[in-house]
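Required output: the full structure, derived from the provided sequences and hints.
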Amino acid sequence: MEYEICLEPSGIHFMADERQNIIEAAKQHGIPIKHGCASGSCGDCKGTILSGESEHGPFMPLLLLPTERAAGKAILCKLYPRSAMRLRVEVVPKDTWTAEITRLTPLAWNVLELRLRPERPYPYRTGQYARVAVPGRPDQWRSYSMATPP
1 MEYEICLEPS GIHFMADERQ NIIEAAKQHG IPIKHGCASG SCGDCKGTIL SGESEHGPFM
61 PLLLLPTERA AGKAILCKLY PRSAMRLRVE VVPKDTWTAE ITRLTPLAWN VLELRLRPER
121 PYPYRTGQYA RVAVPGRPDQ WRSYSMATPP
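If you read the sequence shown in the working numbering, its first letter stands for residue 1, the second for the next number, and so on.
I should point out that these hints are in silico values taken from the structure, not numbers from a laboratory.
Every residue, glycine too, gets a C-beta built ideally from N, C-alpha and C.
Some clues are possibly wrong.
As the list claims (entries may be wrong) - Just the calculated beta-carbon pair ranges, DEER-fashion:
| no. | residue 1 | residue 2 | range |
| --- | --- | --- | --- |
| 1 | T96 | E18 | 26 to 34 Å |
| 2 | R120 | T48 | 29 to 37 Å |
| 3 | Q28 | S83 | 16 to 24 Å |
| 4 | T98 | E55 | 35 to 43 Å |
| 5 | R82 | Y144 | 31 to 39 Å |
| 6 | L50 | R117 | 37 to 45 Å |
| 7 | E119 | P58 | 39 to 47 Å |
| 8 | R103 | E55 | 43 to 51 Å |
| 9 | P138 | C6 | 24 to 32 Å |
| 10 | M15 | R117 | 20 to 28 Å |
| 11 | L112 | E55 | 31 to 39 Å |
| 12 | M146 | M15 | 16 to 24 Å |
| 13 | E100 | M15 | 34 to 42 Å |
| 14 | Q28 | R131 | 12 to 20 Å |
Printed below as a string of structure tokens:
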């Protein structure tokens, strides 16, 4: 069964099948909701349920505090609609940039400093991150937090 999903404050509407989580359904309709892992591990897709019924799949317990759950917060990559819903989420414009890697420096076993030279300047916002992909390999990408503006 399909349900209408309305995103606030953008007012964007789309249909979601009950077998799709909100992130999958939004992606199918070309709607860029902020997300990262798509597996319930990172919390980047946290949103707020304003109205409607849903079912939550498994996710890392520490991503939602009990007070957040009580306030209607949800992990959207694990949220399945069971009725029409209104959600408060951040819709982020997707932009694609090409950049040259100028330096790779291992800082720890799981931390890598990646220096890029973008093809053109782009606006920088605190907390911004980039999904870096290998050209010609859309299945190989990784998210990197921006430490400083380029």
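Hint-by-hint comparison with the structure:
1. About 32 Å separates the C-beta atoms of T96 and E18, a value consistent with the hinted range of 26 to 34 Å.
2. Our hint of 29 to 37 Å for R120 and T48 holds, since their Cβ atoms are close to 35 Å apart.
3. Taking the beta carbon of each, Q28 and S83 are about 19 Å apart, inside 16 to 24 Å as hinted.
4. For the pair T98 and E55, the supplied restraint of 35 to 43 Å holds, since their beta-carbon distance comes to about 40 Å.
5. At roughly 36 Å, the beta-carbon separation of R82 and Y144 lies within the given 31 to 39 Å, and the hint holds.
6. Take L50 and R117: their Cβ atoms lie about 42 Å apart, and the range 37 to 45 Å holds.
7. Restraint check, E119 to P58: a C-beta distance of roughly 40 Å satisfies the suggested window 39 to 47 Å.
8. Between R103 and E55 the beta carbons are some 46 Å apart, a value that agrees with the proposed interval 43 to 51 Å.
9. Checking the proposed 24 to 32 Å range against P138 and C6 shows it holds: the Cβ atoms sit about 30 Å from each other.
10. Hint check: M15 to R117, Cβ distance near 42 Å, so the stated range 20 to 28 Å is violated.
11. The given range of 31 to 39 Å is respected by L112 and E55, whose C-beta atoms sit roughly 37 Å from each other.
12. As the Cβ distance of M146 to M15 is approximately 34 Å, the hint placing it in 16 to 24 Å is violated.
13. Hint check: E100 to M15, Cβ distance near 41 Å, so the stated range 34 to 42 Å holds.
14. Against the hinted window of 12 to 20 Å, the Cβ-Cβ separation of Q28 and R131 comes to about 18 Å, which satisfies the hint.
Comparing the model with each earlier hint shows violations of hints 10 and 12; every other hint is respected.
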